[in-house]
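Between the sequences and the hints, there should be enough to build the whole structure, so can you do that?
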Amino acid sequence: MNLDFSFYNWAIVSDYLLKGFIFSLKLTGSTTVFGILIGTLLALAKLSKHAWLSRPAILYINLMRAIPLVMLILWFYLLVPLMLGRPIGAEPSAYITFTAFEAAFFAEIIRSGIQALPPGQSMAGLALGMSPLQTMRLIVLPQALRHMIPVLLTQVIILFQDTSLVYAIGAYDLLKGFETLGKNFGRPVEAYLLAAAVYFLVCFLLARCILFVKLRLSVKGLAHD
Amino acid sequence: MIKIQNVSKWYGSFQVLRHCSTSVAKGDVVVVCGPSGSGKSTLIKTINALEPFQEGEIWVEGTAVHDPKTDLPRLRARVGMVFQNFELFPHLSVTENLTLAQIKVLHRSKDDAVRKGLSYLERVGLSAHKDKYPAQLSGGQQQRVAIARALCMDPVVMLFDEPTSALDPEMVGEVLDVMTTLAAEGMTMLCVTHEMGFARRVSNRVIFMDQGSIVEDCTKDDFFGAEQSRSPRAQDFLAKILSH
Ligand SMILES: Nc1ncnc2c1ncn2[C@@H]1O[C@H](COP(=O)(O)OP(=O)(O)O)[C@@H](O)[C@H]1O
Ligand SMILES: [Mg+2]
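Protein chains in written order, with numbering that gives the first Met the number 0: chain C, 0 to 224; chain V, 0 to 243.
Since the hints were made in silico from the structure, they are not lab data. Any given hint might turn out to be false.
[Stated by the list, open to error] Keeping only pairs whose Cα atoms sit at most 25 Å apart, straight-line, the calculated SDA-like set for lysine to any residue is:
(1) Lys103(V) / Pro131(C)
(2) Lys103(V) / Leu140(C)
(3) Lys103(V) / Met122(C)
(4) Lys213(C) / Leu136(V)
(5) Lys44(V) / Lys213(C)
(6) Lys103(V) / Ala44(C)
(7) Lys44(V) / Pro118(C)
(8) Lys48(C) / Lys68(V)
(9) Lys103(V) / Gly119(C)
(10) Lys103(V) / Met135(C)
(11) Lys18(C) / Ser29(C)
(12) Lys103(V) / Leu116(C)
(13) Lys25(V) / Asp66(V)
(14) Lys48(C) / Asp66(V)
(15) Lys48(C) / Thr69(V)
(16) Lys109(V) / Gln133(C)
[Unchecked claim] Here are a few chain C residues that sit away from chain V, every Cβ distance over 10 Å (derived from the structure):
(17) Gly28
(18) Ile108
(19) Ile138
(20) Gly185
(21) Ile209
As the structure is a prediction and not an experimental result, all values here were calculated from the model. Just so it is clear, CB atoms sit at the ideal spot from N, CA and C, and this is done for glycine as well.
Right, here's the structure in full:
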């Protein structure tokens, strides 16, 4: 097999790749932010002693974790417009589905982080006269999230890789960019090899971030292990 | 000031507290002792409602702890508590540990809270460490900060749950010294501790618990002086603990 990368020049980056790369990053970023916010609320709901809060949260989390992401993306893209009576577009569906899906995963990470904290910490908060909500917000969550940063970042790496699933609804992400490039130049193998290299690089850099954060946490004596 | 009346508590079918009754007057320093698992921690945590109980009544300065309508955060803000494992907040600096509840619960200004926090930090001899994080302090230092943190709330009573049990022996003294000073200043204190030297020197009453019951509740002099008139279990316990 002969590989030929001679088609490569800087113009293809802006012509084919940049748009998709930015979309993949934006999808990863917004899903991380909103997924962690909603995931935190879901985790708190699941841990609540009120069944009307915990039951729906448990149901939602289990449901999301049972469905393959690509199915959720497709269903949402195809079914919701039927219900609304108008199309919603590939990108907005991607933002909504990814956030809804990842929130369930972030919720489980955050829940285990909250439960891993020694119970004495919230007791100390309560003993000082803080309300349960204040104790959660000021004492438990800041520590749980800090311990969880490495695991949360690992989930972000998986998330970045999963953004390629939007191919199912034809959104233009990084992988789509490489695919189009390969087609137009008649060099699909080379294009996918380049794609693999770029995905590897981004994930590698994120993984380095995790190492760095772990190191910082252990220096401050905040790490679990 | 504190009145505990006929308090019982169960975990499922297991009874942890059996008809416990006692009272603590202003300025009392009461030592609670007894074998491990006898319900000492559970009993003192019922006072600030960290442990709910099914039967009986507890009054703290006129506030009914057993009443479901009682504003528990408000009650707890007036009852200082020191834990065996310090429970400083590791993500906050020493100063932030001292000021957080003052600001969030008592709604003091940050300046006032810091001033108060630093004055108590000075009294426990740790001013130099105000910007450190708990993990950078020794166990004894952490426990002194924890005592200062509780004092910042101007508590009417201080509860200590084995404050020296998690410490290396060479650090026990520095924490007991702080507690001794506090007692001398007239603070009302309930201390779960096996430090019988502290009980002898500082307390005015001793409560001995066994299997969820208060078996002895007498003055320090009676507890240590008239040992043979104590219950066999208390004598046994004393013999064991004093032989160490
Ligand atoms: N959450 C719990 N569930 C069941 N049993 C408990 C729980 N917490 C404490 N106990 C039991 O209650 C008893 C009293 O505990 P505790 O008050 O901590 O004793 P002490 O402080 O005197 O060592 C022990 O036998 C302990 O095993
Ligand atoms: Mg105990």
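- Query: Would the least Cβ to Cβ distance between Ile209(C) and chain V come out above 10 Å?
  - Reply: Answer for Ile209(C): holds, closest chain V Cβ roughly 19 Å.
- Query: Given the hinted pair Lys103(V) and Gly119(C), is their alpha-carbon gap at most 25 Å?
  - Reply: Holds - the C-alpha atoms of Gly119(C) and Lys103(V) are around 19 Å apart, at most 25 Å.
- Just checking, Gly28(C) versus chain V, shortest CB gap more than 10 Å? 25 Å, holds
- Satisfaction of hint between Gln133(C) and Lys109(V), Cα-Cα up to 25 Å: 17 Å, holds
- Query: Was Gly185(C) rightly flagged as not at the interface, with every chain V Cβ beyond 10 Å?
  - Reply: 56 Å, holds
- Task: Take a quick look at whether Lys103(V) and Leu140(C) sit within 25 Å of each other, Cα to Cα.
- Result: 16 Å, holds
- Minimum Cβ-Cβ distance from Ile108(C) to chain V exceeds 10 Å: 18 Å, holds
- CA of Lys25(V) to CA of Asp66(V), is that 25 Å or under? With a Cα-Cα distance of about 23 Å, the restraint between Lys25(V) and Asp66(V) holds, given a limit of 25 Å.
- Message: Does Leu116(C) sit within 25 Å of Lys103(V), going by the straight-line distance between their CA atoms?
- Response: 22 Å, holds
- Item | Pair hint outcome, Lys48(C) versus Thr69(V) [Cα-Cα no greater than 25 Å] | Cα-Cα ~20 Å, so holds.
- Message: What's the verdict on Lys44(V) and Pro118(C), does the C-alpha distance respect the 25 Å limit or exceed it?
- Response: Holds. Lys44(V) to Pro118(C) sits at ~14 Å (cutoff 25 Å).
- Between Lys103(V) and Met135(C), is the straight-line Cα distance small enough, at 25 Å or below? 13 Å, holds
Hint compliance for this structure: hints 5, 19 are broken, all remaining hints hold.
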